[in-house]
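Novice: So the chains spell out like this:
Protein chains: 2
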Amino acid sequence: MNYKTENIKTITVSKALKLDCGRTVKDFPLAYETYGKLSDTKDNAILVFHALTGDQFVSGINPVTKKEGWWVTAVGPGKAIDTNKYFVICANVIGGCMGSWGPKEIDKKTKEPYGLNFPVITIKDMVKAQESLLDHLGIEKLLCATGGSMGGMQLLQFCTTFPKKTFSAIPIACSSSHSAQNIALNELARQAIMADPIWDNGKYFLKNTQPKNGLAVARMVGHISYLSEQGMQEKFGRKLQEKADYEFSFNADFQVESYLRHQGSSFVERFDANSILYITRAMDYFDLSKQFKDGLAEAFKNQTTKYLVISFSSDWLYTTKENKDIVIALNASGADVSYSEIETDKGHDSFLLNESEFLKTLKAFIDSMYEKFKK
Amino acid sequence: MNYKTENIKTITVSKALKLDCGRTVKDFPLAYETYGKLSDTKDNAILVFHALTGDQFVSGINPVTKKEGWWVTAVGPGKAIDTNKYFVICANVIGGCMGSWGPKEIDKKTKEPYGLNFPVITIKDMVKAQESLLDHLGIEKLLCATGGSMGGMQLLQFCTTFPKKTFSAIPIACSSSHSAQNIALNELARQAIMADPIWDNGKYFLKNTQPKNGLAVARMVGHISYLSEQGMQEKFGRKLQEKADYEFSFNADFQVESYLRHQGSSFVERFDANSILYITRAMDYFDLSKQFKDGLAEAFKNQTTKYLVISFSSDWLYTTKENKDIVIALNASGADVSYSEIETDKGHDSFLLNESEFLKTLKAFIDSMYEKFKK
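For the record, the sequence lines run as chains A and B. Heads up, the first sequence is in our numbering, so the first residue is 1 and it goes up one at a time. Heads up, the second sequence is in our numbering, so the first residue is 1 and it goes up one at a time.
Chain A with its partners taken away, still in its complex shape:
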């Protein structure tokens, strides 16, 4: 993984940030990207939070990987989140590896990458770091904030930690508390990385290498969990990979095997193994109710933000039930909340795909919020 980072926009967060683990940090980099133009009245800003393996390059072509931005289906000129109309902001999370402060950044003390000397961070730490970006951009109140998966978890944290910072919020396919199954899947990914001797207790960077095998297996875990059983059956079934019959070997006979191997091996080119450890840990530690004595009801108390919660029927990673629990808690707190379950067999991945009902729902809500918020 050798990024050319000259095109990455970065701020230095100079405000001291007290991390949940107890350490205080300051003067660390936060990389970000923006799309569209901020209006003179600053009433059209939308903050997007990215998921586990995402980054700040939401739309257009990612200048580092040269591939399309991860949410190009939803964000861009004329898209559901229309960058001709709205100013879209996304920051790379701390703990990440696309220019923000993370385990592959240089520790000023040792002059080497942090590796496992990087502190274990939380979703709250990520969100607090991103508040500084809004200050930097001079945005007091966002029109909307949104995110799917871990992005949704950041959003829920953002809305409770900074209750006045956004007019509206769209948590997508997420949870207010990471489930046992999701902790288990993350642990599986971490163990796959840590089982690779190249990982070497996080010090692989000393040899300018990556635990590629372990990281590829970790990525395969993700890809299986992002699809639904039915979706996988429809997409791959038992189709063979360019062969007439079984090969009676351990090569990739089935298309689904070939797909997973490809996803695994291409991922290691663009992502840092230690970042997976840190970000999955932050997800596992996420439990909004634990932060408040009276749980979720207290977390969402006095919210003036207008919510739309979206889930996908075949998502087994962040189930409809988990998303509905957010709606129930928001309702119990008297918040303004609506809810949409999108019927699809595409599983958790749906929020990244061209799912027209989802994109229409997204667009309609944001446009109506703008009508209310614009100055």
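Note that these hints are calculated values from the structure, not bench results. Treat the hints with care, as some may be off.
Pairs of lysine-lysine, DSBU-like flavour, derived with a Cα cap of 30 Å [as the list claims (entries may be wrong)]:
no.	chain 1	residue 1	chain 2	residue 2
1	A	Lys239	B	Lys301
2	B	Lys42	B	Lys15
3	A	Lys203	B	Lys243
4	B	Lys207	A	Lys212
5	B	Lys203	A	Lys212
6	B	Lys243	A	Lys18
7	B	Lys293	A	Lys235
8	A	Lys324	B	Lys321
9	A	Lys243	B	Lys124
10	B	Lys306	B	Lys79
11	B	Lys363	B	Lys124
12	A	Lys243	B	Lys321
13	B	Lys124	B	Lys372
14	A	Lys243	B	Lys18
15	B	Lys293	A	Lys243
16	B	Lys239	A	Lys290
17	A	Lys324	A	Lys360
18	A	Lys165	A	Lys293
19	A	Lys374	A	Lys42
20	A	Lys111	A	Lys212
21	B	Lys372	B	Lys301
22	B	Lys324	B	Lys301
23	A	Lys306	A	Lys85
24	B	Lys104	B	Lys124
25	B	Lys235	A	Lys324
Assemble the complex: chain A is given as a structure, and chain B must be docked to it using the hints.
Specialist: Coordinates of chain B only, in the frame set by chain A:
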């Protein structure tokens, strides 16, 4: 993994077996165990097929691992499959590692373990090898044959390959054709093993070692898939492992992490990594309909065996839908079939647990079959 194998019963299969891959083999070992006593009229024999990581030690104490047999909940004196009344037989599958012909056995040609020189086998190969055991025991027709998971797949194969060999059959939590998701999970397990440099293209036995890290990760994949989301949430939730709060480290903070690590590390003591490769491959290749020109309808044509298909409501590995598809195909072929879906949140694991509705169903069916079959 160093077994003391002196107590293992074994036959040598002398009949030539033409494997699906094209190779023909003979004079190979097949390890087995029996429980209870075969009646003089030989009308009380029940054949049990084991699952991926099972073996022939169904009940009592496994003489090798010194732990309880894998189906002690269902098989034993006074149990649902009552060994005071029935004669229970179980063989270790070929490809396995509990005494049957498998990759850790010595290749007479090279005087070394086979490793990857072992042929890629199929469920049909496993079942054909086991027919020789019935010949050896002098059993022409079984009262019943049963098995869960891969055991159920072997059973379906057995009933179609040897349609006159069993009076009744109970396929449990299985499928007539391995799904894309299940192929994907097996591929994940294989890649975890093959990613471990100790695996060394299957030649780890030369150094008298095992790819422990990779094999442990592979086992964790299994354990996640055997439980249901709800079951995991109830069993583990976000409970911490003997600590008051997060440790802000990569140690096992959560009980579910500790559980998975334990399952992984204890598994490497009792199972051979190459066996996992071979057995998962056999499962992936299983597609009963592919063996018959007219698919499943032809597979089950002229069946006189009486079937009871059992599935578990929260099993996402071998879903109720997949089990119902077997029932539909049997019905379409005019077979005698009944079906029971057990309501439980315990997932695929249910067939190994003390699930009283399941065990009652099993007992009632077998006892009623015995009333019809006994001489």
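Novice: Next, verify each hint and record whether it holds.
Specialist: Status of each hint after checking the structure:
no.	hint	result
1	A/Lys239 x B/Lys301	holds, 26 Å
2	B/Lys42 x B/Lys15	holds, 23 Å
3	A/Lys203 x B/Lys243	holds, 28 Å
4	B/Lys207 x A/Lys212	holds, 24 Å
5	B/Lys203 x A/Lys212	holds, 21 Å
6	B/Lys243 x A/Lys18	holds, 23 Å
7	B/Lys293 x A/Lys235	holds, 24 Å
8	A/Lys324 x B/Lys321	holds, 26 Å
9	A/Lys243 x B/Lys124	holds, 22 Å
10	B/Lys306 x B/Lys79	holds, 22 Å
11	B/Lys363 x B/Lys124	holds, 28 Å
12	A/Lys243 x B/Lys321	holds, 29 Å
13	B/Lys124 x B/Lys372	holds, 29 Å
14	A/Lys243 x B/Lys18	holds, 23 Å
15	B/Lys293 x A/Lys243	holds, 19 Å
16	B/Lys239 x A/Lys290	holds, 12 Å
17	A/Lys324 x A/Lys360	holds, 20 Å
18	A/Lys165 x A/Lys293	holds, 23 Å
19	A/Lys374 x A/Lys42	holds, 9 Å
20	A/Lys111 x A/Lys212	holds, 24 Å
21	B/Lys372 x B/Lys301	holds, 22 Å
22	B/Lys324 x B/Lys301	holds, 18 Å
23	A/Lys306 x A/Lys85	holds, 20 Å
24	B/Lys104 x B/Lys124	holds, 21 Å
25	B/Lys235 x A/Lys324	holds, 22 Å
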